[in-house]
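Construct the entire structure; sequences and hints are all you get.
Taking this note's numbering, the leading residue of the sequence shown gets 35, the next gets one more, and so forth.
Hints should not be assumed to be uniformly reliable.
As the list claims (entries may be wrong) - Here are the computed lysine-lysine pairs in the DSBU-like style, where the Cα-Cα straight-line distance is at most 30 Å:
#1 Lys352 / Lys445
#2 Lys465 / Lys360
#3 Lys431 / Lys352
#4 Lys445 / Lys465
#5 Lys169 / Lys293
#6 Lys486 / Lys445
If you are wondering where the hints come from, they were derived from the structure by calculation, not from laboratory data.
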Amino acid sequence: MGYSEHNEFSARPDEWKGMKNRQERGKKRKERVRETHAGVRMRYFLRFLGLRMSKRLSFYCLIALASVCIFFLAFNQRYSSYLEHRLQPMISDVEIRPRTTKIQEPVTAYITGSTDNATITEIQEVIDQQRRAIKREMENYEYPNGKYGINVSKLEDLVMEKGGRPMRSIILTSWRSGSTFLGDVVNAHPANFYHYEPLLDYGIVQIRGSPLAEESLTRIFSLLNCEYKELDRYLDYGKTHHWVFNHNTHLWRQCQAHKRICWDPRFVSKFCRLFPFQSMKLVRLRLHAAESLLAEEDLGVRLVLLIRDPRGILQSRKHREWCPAKPDCSDPALVCGDMVSDFNAAVELSKKYPRSFRVVRYEDLSVDPYKHVQELYNFYGLNFHVNVKKFLDTHTKNDVGGVSSTFRNSKVAPFHWRTDLDFEEVREIQKVCATAMQMWGYVMALNSTHQKDFDPITNYRLQL
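Following this line, the structure appears as structure tokens:
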């Protein structure tokens, strides 16, 4: 018993120790397994959690973005009238101040303001550039300095932005009477701002009286004073009919380079005010309705009435698609009625404004362009510049271009009607135009043979 107890007792420590070691090793294996499984579960859990978090984060971001948009739209709607004022620089600070003293500007106002500031900066850069170009162009220019009744001796005397008054030259006539050629002759002068047919948007109509006369004159006065802010209709029309501006060589050159500001009234007004010379051609306004242009002494306008043989006018208009359906353009009785009216007005205006009104016949100008352009320039008070001579050298020798081209054999161009019209057509025109033709010094064709060989013009001077 004692022995057995002794043996049992003596053997138990080793056995117990072995069992304990096995248990510890088993426990460690289980812990490693648990750690392994826990790690795997943790990695999957973290991946799952990350996915859920990214989806949840995206969802919250979308909600936040939508909230900002809704807030912005509500805010923008509330202050839309304010933004309209920001977009209209002509409105005074006094008018918009009550809306800006207590309310913080919307984000879009800053964007608009930034865009507007960029536009103003661009306008100023172009103005500065053109001012320098005009100064160079006018170097060594011979100013009238008392000649032709014009007391001008330096550039500043003629520049509106410097308080001067530009020399303003107007050509008044009707369609297909040589005005494109004569207008380009005047526009060949240095530093000239050309108002090309400012009544184009009125269509094929002759303006003889109220209400169109007053309306059109208001526009003309605005243009001559370089005030474009009220000329939305004129500028909007020009955006889709570029010939409103493209005959104005200085302006159109800048428009091609700076399209964003071309039709901005702030730009055109400032640009116009740089120029010492302005010219304009009018083909829709009759002479008696234009007297107020001469009566306004502050403008200093000098106006030429350009006349053409009605047979040449009607022959030139005959194949123009824009003319035949319009009586003011195609009816010989109306055409020659206007010529009679212009004659009567010309007699009166020659008496009242001998220094600022003159008549020129297209045929005389064409037969001897150098002589008559020199006389015309003297009348306008302009220097017969080398640029003008170059223009005549290149535009009066040969026919080049389309129906509105100014490259013409000037000695032939006015007389195409003698071969292009048959005598029956000529006789019908002469029947209703006899008075007008006699007033303006045009000779009747007697028959088809005579028509092709005779000289249809006489030496002419307006009889007062």
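Taking the hints in turn, this is what the structure says about them:
Taking the CA atoms of Lys352 and Lys445, the gap is about 21 Å. The hint holds against a cut of 30 Å. Of the supplied pair hints, the one linking Lys465 and Lys360 holds, its CA atoms being roughly 21 Å apart against a limit of 30 Å. This hinted pair checks out: Lys431 and Lys352 have alpha carbons roughly 25 Å apart, not beyond 30 Å. Note on Lys445 and Lys465: the hinted pairing holds, with a Cα-Cα distance of about 27 Å set against a maximum of 30 Å.
Of the supplied pair hints, the one linking Lys169 and Lys293 holds, its CA atoms being roughly 24 Å apart against a limit of 30 Å. Distance restraint check for Lys486 and Lys445: the Cα-Cα separation of roughly 15 Å lies within the 30 Å cut-off, and the hinted pair is therefore satisfied.
Checked against the numbered hints given earlier, this structure breaks none of them.
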